Amino acid sequence: MMDTQKTGTLRVKSGLAEMLKGGVIMDVTDVEQAKIAEDAGAVAVMALERVPSDIRRDGGVARMSHPTMIREIMKAVSIPVMAKCRIGHFVEAQILQSLGVDYIDESEVLTPADEANHIDKFDFDVPVVCGARDLGEALRRIGEGAALMRTKGEAGTGNIVEAVRHMRAIMGGIRRLTTLDSGELMAEAKNLGAPFDLVRWVAENGKLPVPNFSAGGIATPADAALVMQLGAESVFVGSGIFKSADPPRHARAIVKAATHFREPEILADVSAEIGEAMPGLEIDKLAPEELLAGRGW
Amino acid sequence: MTGRRLPRVGVLALQGGFDAHVRALARLGVEAPEIRHPHQLDALDGLVLPGGESTTLLKLMEHEPRWWHALPAFHQRRGVLFGTCAGVILLARKVSHPEQRSLGLLDVDVDRNAYGRQLVSCEVPGSWTDGRSLEMVFIRAPRITRTGDGLEVLARHEGDPVLVRQGTVLAATFHPELTADGGVHELFLAMSAGASNRSEAGHESAVPDAISVCAEASHSEGSRVGASRPDGAPSG
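Going down the list, the sequences are from chains C and U.
Here the first sequence is numbered in the working numbering, starting from 1 and rising by one per residue.
Here the second sequence is numbered in the working numbering, starting from 1001 and rising by one per residue.
Among the hints, erroneous ones may be present.
Only pairs whose alpha carbons sit at most 27 angstroms apart, straight line, appear in this in silico BS3-like list of lysine-lysine [what the hints assert, rightly or not]: (1) C:75 with U:1059; (2) C:35 with C:6; (3) U:1094 with C:35; (4) U:1094 with C:75; (5) U:1094 with U:1059; (6) C:207 with C:190; (7) C:35 with U:1059.
Calculated directly from the structure, the hints in this document are not laboratory data.
Predicted model, so just to flag it, every value in this text is computed and none were measured.
Just chain U, same shape as in the assembly (with noise of 0.2 angstroms):
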């Protein structure tokens, strides 16, 4: 890591799968503080908006509102956030099933609990959509049922979109953190990175850099897809 500093991320903890998240960027070597408070954002390059219950969440949100202008504030400098399951939800632009209050910070809608309860929550052998083997854990899991243009998807399941990347927001209705699968957190990291290097450097283009740094972290195949590529994605 000679001269680049490691991205700084941190893990939203009002509730949820925060410490999985905590405990999968420890594997890779990034310790993550665990943030409560809107003005702890001020020290991050990305933040992990982790799984738990989104209701719970948006209620520990309107105690604090802050929050509703600190998020898209830190999305407005190009912080970097990683929502996963009910942190999706959170970022979505419309949320149906019940229809609640979300951030829209990323051009998907979503169906809350769209495949049922616990008892059809699963474990899946997934891939990339390049065709990498990507590990899932779907925990009554909400549906992606529109993506807007200039969305990468980065992995499906059954048809559906479940990894989905726009700009600086990386979003998985699965639970990476609940695997030993490093990918996805490396991708998050990559991003990161990409923030970190362009706060520092006043200026954006440090994609490469990025690159390098989750490279010489972990095994490089994961954070390919850090590279941007608009032609990418598959349609449908």
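Bound conformation, chain C alone (with noise of 0.2 angstroms):
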């Protein structure tokens, strides 16, 4: 039987995906977070050492969690452990999948370690989450094994602004390849440029071949109600909940939200029960460079 057994498939890598749908997903930097997150309901955390928004603040080289703080947090908590590694920086992964994580996010928060390309993904056993702006930069990824999709919005800055634009431009995109003739996919592929296989298999299907979850500015209740009404199926919240005024409140608001995100009663309510949120920046009054949402492609 043992023999028999298949680990580190698609379908296995997906499978944890879509056990998370429904939910949010938090950034954590220590075993009190972690204990705080999973006590307001999180589906998994996200073991980091600074949130984004202090990675914004800091500047510098953002690498790969320390692997002790990984291993107290997976220590402390039952719910599924992620960690992120630097676009490119296949090393990190290959340390983080023998930590046994739960799923690698390769992330464009970290500085990337390579300009030119991104990790071969079915190289690992651990599934792993990919950032995109679009459908185009989407099949790329899941082309490469990305076995969950999230859009790259801006994060660390409490702004939704991107992460809806993300959602729509591949919301959108989706929705075009479904209205094409089979003839014009090949034409589309290439425009989009993504692989063909996947761009006919969206165009029938009229979805991802993966789940699809939302990061990047999320800090209310209504901002993951947003998202999720948007086409989104769960929700990462980076510095939106621990630079929240009240976190284990805040945490519990988003929570419900991710349940009932189309129930605008249920969403007053919760949004009532909180405090103040993260200060958000401005898109706009960021230089270029500050822009994390740019690396990768």
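Given two chains presented individually in distinct reference frames, assemble the corresponding complex, making use of the accompanying hints.
What follows is the structure, encoded as structure tokens:
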């Protein structure tokens, strides 16, 4: 029986993402925050040394988190633990896999290690999630073996505008593909810069072949519900929770919003329960080199 | 389906693998609504409790304490409950690793995350205890460590029970909704059709009807286990 057992298949990798749907994945920087997140109902935690808004403030090179810190968080909570590696840094990904994390995020929030190539994610048994700004980018990452997609948004800003732009671009791109004649798909694959087989699959099925979540700027329950109504199946909340006035309460409110994202009465109730959200940044006021979403292609 | 209505089934959609279950049921021709409020159970014959994070599901159920009454009441009126993975944890009598609250509607003890983390999640070409093949996908699966008397074990993997049934409760520690193998969902529909016909006729004993409904819906093999077979479970 053992030799017929297959681990690390795309079905098993995307299967975990299926189980995370309708939920909130929270950035945490230590054991205490991880426990707060689990207690509030997070479906998973993202273990990292600094939340994106602090990475933004501190500048410098942002790398994979310290293995000891990741191990401590894995020990402290029973929910899945994710961790970030730099774009193209397949050795950081190998290290994270050896630690036994449940998901790896090849993330633009960290400083890229390779400006030309992303990681070959088929090489890994641990599933990898990647960010995208539009359908072409999403399909390129899926072509490399990403088992889950998320919008890039603009992490650490508390500003939802980029996540909305990216989710609309992905969902609009999918809708457009479903209207094309089969003879038009190759030209569209060329325009998108995306693998033809995946373009055809999306045209036939009207969705991405892996789950599609949102990240990058979600600060309130209303933000979470907004991207979910636009098509996100779950949300990653980075700085939005632990930079808010009352993190446990804020976390619980966003968890409820992710379940009842189509019910304005409940969204009103949970919005009334929370204190102040994290301070937001206007994207226009950021210098081009401060924008994280442009990292990777 | 002449004269007989399809079972009304829904999928609990607080969090987790609800979307995959809705799609699996759609492949069998059944439209299953997403259920997010206790009152929605009134219109159902069967409910799927999907996989997901059981701690998250518990937190959401604590926010809405009526679930703790509504689900046992649904069970009491012979509504069919089908739990997968985290759904089994919710249904269990006792949960360990860590210990947590559960509904106690299925007489099993469950060890959460007993097999390990995502790296050991796997696909297995398994089988029903009667020998028919059954595709299994395990994702950070819980382990059933004790089964009560009178509980049928419908499938095992490496000796552990992974698909069990007790009365109107069906439970799989793996994820049939992630495979094209519709057999387990057919069984759930057959059980729910039994509940549907019972509620329509106002008496119990509509099991043969249930099976024929299911046989019409798809190949009949998958529903054979739907019949009550007290002698069908191997001991162990």
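Status of each hint after checking the structure:
1. Between residue 75 (chain C) and residue 1059 (chain U), the direct Cα distance comes to roughly 21 angstroms. Compliance with the 27 angstroms bound is thereby established for this hinted pair.
2. For the given pair, residue 35 (chain C) sits about 32 angstroms from residue 6 (chain C) by alpha-carbon distance, which is inconsistent with the 27 angstroms threshold.
3. With a C-alpha separation of about 23 angstroms, the suggested pairing of residue 1094 (chain U) with residue 35 (chain C) holds against the 27 angstroms cut-off.
4. With a C-alpha separation of about 22 angstroms, the suggested pairing of residue 1094 (chain U) with residue 75 (chain C) holds against the 27 angstroms cut-off.
5. Taking the CA atoms of residue 1094 (chain U) and residue 1059 (chain U), the gap is near 18 angstroms; set against the 27 angstroms cutoff, the hint holds.
6. Straight-line distance between C-alpha atoms of residue 207 (chain C) and residue 190 (chain C) comes to about 19 angstroms, which keeps the hinted pair within the 27 angstroms bound.
7. Our distance criterion of 27 angstroms between C-alpha atoms is met by residue 35 (chain C) and residue 1059 (chain U), whose separation comes to about 13 angstroms.
Of the hints listed earlier, the one the structure fails to meet is number 2.
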